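*Asks:* Given chain B, work out where chain V should sit, using these hints.
Chains as they are written, first to last, in our numbering: chain B, 18 to 510; chain V, 85 to 315.
Read the hints as simulated data drawn from the structure, not as lab findings. Values in this document were obtained by computation on a predicted structure and should not be read as measured data. Even glycine gets a Cβ: it sits at the ideal position worked out from N, Cα and C. Wrong hints could be hidden among the right ones.
Chain B regions said to be covered by chain V (calculated; three or more residues, Cβ under 8 Å) [claimed, not checked]:
id	stretch
1	140-153
2	165-176
3	198-205
Partner residues are not named here, just some residues of chain V that face chain B (Cβ under 10 Å, in silico) [to be verified]:
id	residue
4	Ala-264
5	Leu-290
6	Val-293
Residues per chain are reported as follows:
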Amino acid sequence: MISFDLSLLLPITLLLPLVTAIAGRLPAPWSERSHLAGATAVLAAGLGLAVGVFAGGPLLWADLLYADALSALLVAVVVLVGWGGAAYSIGYLRHDVSEGHLVAVQQRWFVQWYQLFLAAMLATVLVENLGLMWAAVEATTLASAVLVGFYRTRAAHEAAWKYLLICTVGITFALFGVLLAYYAGARALGDGEAALSWRALVAAAPRLDPGLMRLSFIFVLVGFGTKAGFAPLHTWLPDAHSQAPTPVSAVLSGVLLPCALYAILRFHVIAAGTLGPSFSSDLLLWFGVLSAVVAVPFVLIQRDIKRLLAYSSIEHIGLIAVAIGIGGPIALFAAGLHLLAHAVGKALLFFAAGNIAVRYGTRTMARITGAARVMPVSGSIVLLGALALAGSPPSPLFVSELGMLGAGVAAGRLPTVALLLACLALVFAGLVYHASRMAFGTTSARVLQGESRWGAALVGVPLVGLAVLGVFLPPPLVSALQQVAAVLARASL
Amino acid sequence: MVGLWHPEISAILAPAGLARLIDGLAVLLLVVALVGVATYQLERGVWLVGAQALVLAAVAFTIAVATGALHVYAAALLTVAIKVVVIPTVLLRVLQRVRLRHESEPAVPAKPAMLVAIGLVLIAYRAAHELDLPGAVLTAHALPVSLALVLIGLLLMVGRRRALSQVLGLITMENGVYLAALFATYGLPLAVEICVFFDVLVGVLLMGVFVARINETFASTDTDQLRSLRH
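For reference, chain B alone in the conformation it holds in the complex (with noise of 0.2 Å):
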């Protein structure tokens, strides 16, 4: 058998989606099946990468590229939920153009756009120096910038303007904060790119001037912040998720603050060790409550769906930096399975909501009812997804929850986890009675009824996956997500 050096993966990772991209530029159909096969091909890449990962160590290619248990966990985020979206786009797109929103050529822009957005995450969570993943970074907005704008209506472009000006300035604070931490890792290991590289500094930080990494975190904990959602830098948020194409908004929402987040860990880790596990930590933690607190009203009052999930992507990414704030083996596990889970289930549930508005022709959801009898499957899922979503049982965001409040109230941080609960409550409330409205009651004759297949087994397949995990979480993930938390936890020693 010919031996494979899975280090090989990690260039053929970031490949695949650049060459899927070119092939999208080809005419229809050649265009939809190469977007295809390509997304699947990622899929394959990807996930055999995050496999070899968990199961064999960290991966290094060409001092370049580097895939730890963190990389390996958002590879796998980035390459499900793009082939998810890559898929459900396929009959998504045909439907804009037959309606006229979209031209036909501009299927093929899609293609090329989405597949570079994928590229750019890809980078970003799989280059080693961090003035590179800045600049991985800054692509992924400009990316999506393009896919937030692309029906062109007046709402696209104030939402795409929105988003790439937000979004750069954030951007450019964080550069600031990285040539800081260069500044510091110049001093203590010489000028040149090892001062970038994360390894480096890692090994470094005791030896690393605290001033310059307390400012250098700072800035990039508000600039990549900025990216990732967190209040109140997140105003850009809402309208960039709700006015994109759905697909583009699943994985705006579930991948990438997800690989924004990534960012600040990053920096996370070689802060705390020069630091103390303290300084980061809180800040964290704190930008992380601030974020579900916020996300809460606006989740109530909520008149439009996808507006709905933007706020609720808000809640769960500063639930997630809250569990990294708490830190701990138990807070850092459901850090991971929060990650996971979300990206899979808010996926899903944009999908249906997406089927949802197309075929009741509005976002609105007073004007959705009967959604369930209409689509059975879409229409259910985007109870039961609220539902999951919201943390309920058998969900295993009710699992990620559970531990890193339990692991808070171990802490000592009562009064945290008490407002977290209220928050959560909260939105559980919000959640099921806009999804409930939207699913039960009747609706007009109007509407046309029944599902496809293809749409039906796009989102109700992923449920269940979801639903069984949140029961039984099988052993190899259980050592991933160990293995996640004990790079993280490097932060909290």
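*Replies:* Frame of chain B, contents of chain V only:
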């Protein structure tokens, strides 16, 4: 080589008087940025941003001469090529396409903006003094000017209504951060440098495309019209 804030470097720079030159260039950069605050004609604003980049390139070139580091020469060249030539050309072409060449911001008195800008400069100098960064501060105006540029850029972005003015504010901010990079660490490693420039270039290109599209959809690039999305 760990940046101009290291005491050993003063031995290289002092004889050539280059330190004073760099200080002068930093102040010149600040002046150009302040003139930009007082400028309401979009076309003139683009020229001023190009002038900022030219001064920035001069700073990079001076540092390159002082240290002889090849990657700083490369940084200076990239700055000239991309930020002095390409980006202003792109922005001027966008202005032409949307026929906003002679457009300017809606009539707003210049005095309050200038006062705020000068206030921000004072805050920047104070903050730089407070920051207490390790290593001897060789040129007194390096860090304050870069902080001031960031704040002035933010002011432009928040206070202006034309979409293109917001882009100019963003570029000013980026110039501020880049100036800090030049002073602290002689720029970034070359590979990172190239990626950063590429990102900035593509970013401005995309923003230019968006300005044109916003103009088509809204029949103006007044961002006050981009307010329909509420909660």
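*Asks:* So, for every hint listed, does it hold in this structure?
*Replies:* Consistency of the hints with the structure:
1. 140-153: Held - the stretch 140-153 of chain B has 5 residues with a Cβ nearer than 8 Å to chain V, which meets the minimum of three.
2. 165-176: holds (count 8)
3. 198-205: It holds: at least three residues are needed, and the stretch 198-205 of chain B offers 4 whose Cβ sits within less than 8 Å of chain V.
4. Ala-264: Because about 6 Å separates Ala-264 (chain V) from the closest Cβ in chain B, which is inside the 10 Å limit, the hint holds.
5. Leu-290: Leu-290 (chain V) check passes; min Cβ-Cβ to chain B is 6 Å, inside 10 Å.
6. Val-293: Since chain B brings a Cβ to about 8 Å from Val-293 (chain V), closer than 10 Å, the hint holds.
In this structure, none of the earlier numbered hints is contradicted; all agree with it.
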